[in-house]
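Chemist: Starting from the structure of chain A, add chain B where the hints point.
Chains as they are written, first to last, in the numbering used here: chain A, 111 to 500; chain B, 111 to 500.
Don't take each hint at face value.
Intra- or inter-copy, both count: the list cannot distinguish identical chains.
[As the list claims (entries may be wrong)] Here are the computed lysine-lysine pairs in the DSS-like style, where the Cα-Cα straight-line distance is at most 30 Å:
| hint | residue 1 | residue 2 |
| --- | --- | --- |
| 1 | K452 | K434 |
| 2 | K113 | K434 |
| 3 | K169 | K482 |
| 4 | K199 | K126 |
| 5 | K434 | K265 |
| 6 | K247 | K123 |
| 7 | K188 | K294 |
| 8 | K188 | K271 |
| 9 | K113 | K188 |
| 10 | K123 | K169 |
| 11 | K452 | K169 |
Keep in mind that the hints were calculated from the coordinates and are not lab data.
There are 2 protein chains.
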Amino acid sequence: MVKSLSNVILNSKKSKIRKLFDMLLQSGSDAISFGIGQTDFTTPDFVSDGIIQALREHKTLYAPARGIPQLREAIAQKFQRENNLPWMKPENVIVTNGGSQALTLAYAVLSNPGDEMILSSPNFLSYYYLADYYQIKCKEVSRNPDHSPNIEGLKELISPKTKFLLINTPNNPTGYVYSENDMKAVVDLVIDNDLYLVSDEVYEKFLYNGATHTSPASYPGMEERTLTLNAISKSFGATGLRLGYVGASSEIINNMEKYIQYTTAGVNHPVQYGAVRALNHSEKMDFPKIVERYNKKREYCIQRLQELQFEVVNPQGAFYLMPKLNPSWNMSADDFSEELVKEKSVACVSGTAFGSHSADALRISYATTDEKLKEGFDRIESFLHDRNLI
Amino acid sequence: MVKSLSNVILNSKKSKIRKLFDMLLQSGSDAISFGIGQTDFTTPDFVSDGIIQALREHKTLYAPARGIPQLREAIAQKFQRENNLPWMKPENVIVTNGGSQALTLAYAVLSNPGDEMILSSPNFLSYYYLADYYQIKCKEVSRNPDHSPNIEGLKELISPKTKFLLINTPNNPTGYVYSENDMKAVVDLVIDNDLYLVSDEVYEKFLYNGATHTSPASYPGMEERTLTLNAISKSFGATGLRLGYVGASSEIINNMEKYIQYTTAGVNHPVQYGAVRALNHSEKMDFPKIVERYNKKREYCIQRLQELQFEVVNPQGAFYLMPKLNPSWNMSADDFSEELVKEKSVACVSGTAFGSHSADALRISYATTDEKLKEGFDRIESFLHDRNLI
Chain A
111 MVKSLSNVIL NSKKSKIRKL FDMLLQSGSD AISFGIGQTD FTTPDFVSDG IIQALREHKT
171 LYAPARGIPQ LREAIAQKFQ RENNLPWMKP ENVIVTNGGS QALTLAYAVL SNPGDEMILS
231 SPNFLSYYYL ADYYQIKCKE VSRNPDHSPN IEGLKELISP KTKFLLINTP NNPTGYVYSE
291 NDMKAVVDLV IDNDLYLVSD EVYEKFLYNG ATHTSPASYP GMEERTLTLN AISKSFGATG
351 LRLGYVGASS EIINNMEKYI QYTTAGVNHP VQYGAVRALN HSEKMDFPKI VERYNKKREY
411 CIQRLQELQF EVVNPQGAFY LMPKLNPSWN MSADDFSEEL VKEKSVACVS GTAFGSHSAD
471 ALRISYATTD EKLKEGFDRI ESFLHDRNLI
Chain B
111 MVKSLSNVIL NSKKSKIRKL FDMLLQSGSD AISFGIGQTD FTTPDFVSDG IIQALREHKT
171 LYAPARGIPQ LREAIAQKFQ RENNLPWMKP ENVIVTNGGS QALTLAYAVL SNPGDEMILS
231 SPNFLSYYYL ADYYQIKCKE VSRNPDHSPN IEGLKELISP KTKFLLINTP NNPTGYVYSE
291 NDMKAVVDLV IDNDLYLVSD EVYEKFLYNG ATHTSPASYP GMEERTLTLN AISKSFGATG
351 LRLGYVGASS EIINNMEKYI QYTTAGVNHP VQYGAVRALN HSEKMDFPKI VERYNKKREY
411 CIQRLQELQF EVVNPQGAFY LMPKLNPSWN MSADDFSEEL VKEKSVACVS GTAFGSHSAD
471 ALRISYATTD EKLKEGFDRI ESFLHDRNLI
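Isolated chain A, as found in the complex:
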């Protein structure tokens, strides 16, 4: 016998999403996943070509720990141009190993053990585990029935130990997009209570029915308090390139740089040249067309879910829906998810992966082909018929 490993890691679960994915792989070749958080398109050639050119030019030795200057400049300009943050300069930017490391750096640099953070629940699963890893207490309050933030509830959780509030709009897993009123209320909470705000904006391009995205860092008084997290992962079909970034005060960025030096020593060098092209020429992506296509998927899913008697909230962003199981079915989301993948080879993640307030809901990612969406819902229909639930 050897000594025991880290308690926090031993106690953290393998991602339920990945676990479900493993079950799906075992369940047969006709498997359908509504489970994975990535687009059905891959990285466009104009981005890959930038990486390939850098490889051909042998740009494969260390990049600066905070990212190559050209990319930090391109990110600063992106923040200025698209997020109404005219004060953003390269010194306010650090390049990260995807949105996940952007998040890790935020937790690392903001908190001391024993600090507290606050978020609306359900929310993205890493938010909870990172709190454990950094020994901070994650306090969650249930979203309102329409998935909007419960501002009074958030307020009640604030204590002298609270260090930051975390938001993700457009949201994974609910698809909810903050209204102007939501954002104003959260910004007021942050300023009135001397907090930081971590704003995960990776789904900012996925907006429907005229919804708009606002970066909280653009509000007066929020420049020093906001950590704006983003990545090329979702917008450019590049989840596997692991290229994210943070925009924040230069003090925060300087401290993130120290941490990244000793923990991962910076980000893949050639990929950074691809990211420069992505951000400087994002018009080549034709986002309106992508969004139109995703909106049709979204509408189709909502229609099917309603027909199948799920309780559906109609969100305006991202590529997720989080319907509640019909209470009359008397089934937990964990059971539904597990039995569905076993019997019908369709993967939908149980709401329990996303915090303490969604054990009666499923997350449906509709970032898949129209054919698979139809087939997947046909199988869910058959699953419910088998049980005489519809």
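Modeler: Positioned in the frame of chain A, the structure of chain B alone reads:
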């Protein structure tokens, strides 16, 4: 005013190596760096071509969190073939964001706050900072005058709180390569005291004068206790590709996978295909030729350092030397390093970057061109002449 950031990160210093590098950049266009830990060659085309092909084939969405199966298989075979570890299987392997993240995962998964670790000093600077970040106590014992490990000294530092011992052979910054006796003694310490052993082997190919590298995991009783860290960074001129790996028990790897999922969500996908080619066709690198070339640089440096009256230990590995300043000069390594870069635009890292027992030594990386080595030493000679020290 906003609340204070993380104390451990605020208290950690920006890497002295990076700081020196910044000073060097400011010091003029004829700057010479003996400071950076990477080879003077870049990634060979047969490796880059693998990445390019993966990009062309749109392999840019998420890879599995622990790495693509082909790469984990190639790494397991490499361990079997080159490191005498016949039990290594893909389940014993995880792919990381360079050797740095391999190290981070080792600290994360092994330790609870308050645990202790032990190492010989001087040693690589991240080892110390990671101990702070994971709230474990790093106990260091000075190396013997020939830079070999002080086994009795290491033994005396072991307490009931000691979780692991960390070794790096061939070593950064001393160049020291463990003898069979050194390794046997360390392995006995680990087994007798029920510890883990973290073995950082990134310089394994850089061996001179018939020195050999032994992986401690190959010793009886060490399979469950050893975390073998490596990377393609140094051997394949690929520090900027950020591709490392860990070999260990499947229990350790499974826990590392959970941690990597939530902190960085895996490694750049296309680069993993390049790494498969690197490891499966490493004979294309012609390491004997590289080593012969580096050995000549090493011998040249030792000769110059001796002529300049440094106290030189002649090591057998890596691409570093760690000469002591001549005591008669009455100069600290910090002052020497800082004044040398200011006056002569030559960067050598002060020994204080590498722990508490080398404030009288410099680290010289000789991984640069022969011309720059000559010019650099000529300038050091001039620097010493200016002060009438030689």
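Chemist: I want to check one pair: K452 and K169. Are their C-alpha atoms no more than 30 Å apart within a copy, between two copies, both, or neither?
Modeler: between (47 Å within a copy, 28 Å between copies)
Chemist: Given a CA cutoff of 30 Å, do K434 and K265 count as a within-copy pair, a between-copy pair, both, or neither?
Modeler: For K434 and K265, only the intra-copy Cα distance (26 Å) is at most 30 Å; the inter-copy one is 59 Å.
Chemist: Up to 30 Å between alpha-carbons, please classify K199 paired with K126: within, between, both or neither.
Modeler: Classified as between; 25 Å across copies, 38 Å inside a copy.
Chemist: Up to 30 Å between alpha-carbons, please classify K188 paired with K271: within, between, both or neither.
Modeler: Neither, since 34 Å and 49 Å both go past 30 Å.
Chemist: Classify it for me, K169 with K482: is the Cα-Cα distance of at most 30 Å met within a copy, between copies, both or neither?
Modeler: between (40 Å within a copy, 21 Å between copies)
Chemist: Reference check for the pair K113 and K188, CA-CA at most 30 Å: within, between, both, or neither?
Modeler: Classified as between; 28 Å across copies, 49 Å inside a copy.
Chemist: If the cut is 30 Å between Cα atoms, do K188 and K294 qualify within a copy, between copies, both or neither?
Modeler: For K188 and K294, the Cα distance is within 30 Å only inside one copy (23 Å; across copies 56 Å).
Chemist: At 30 Å max between alpha carbons, let me know whether K452 reaches K434 within a copy, between copies, both or neither.
Modeler: Within one copy only: 20 Å inside a chain, 66 Å across chains, cut-off 30 Å.
Chemist: Taking 30 Å as the upper bound on the Cα-Cα distance, should K123 and K169 be classified as within, between, both, or neither?
Modeler: between (38 Å within a copy, 28 Å between copies)
Chemist: I want to check one pair: K247 and K123. Are their C-alpha atoms no more than 30 Å apart within a copy, between two copies, both, or neither?
Modeler: Cα proximity of K247 and K123: in one copy and across copies (17 Å, 27 Å).
Chemist: Measure nothing new, just compare the shortest in-copy and cross-copy C-alpha distances for K113 and K434 to 30 Å and report within, between, both or neither.
Modeler: Classified as neither: same-chain Cα gap 43 Å, cross-chain 39 Å, threshold 30 Å.
When the structure is compared with the earlier hints, violations turn up for hints 2, 8 and for no others.
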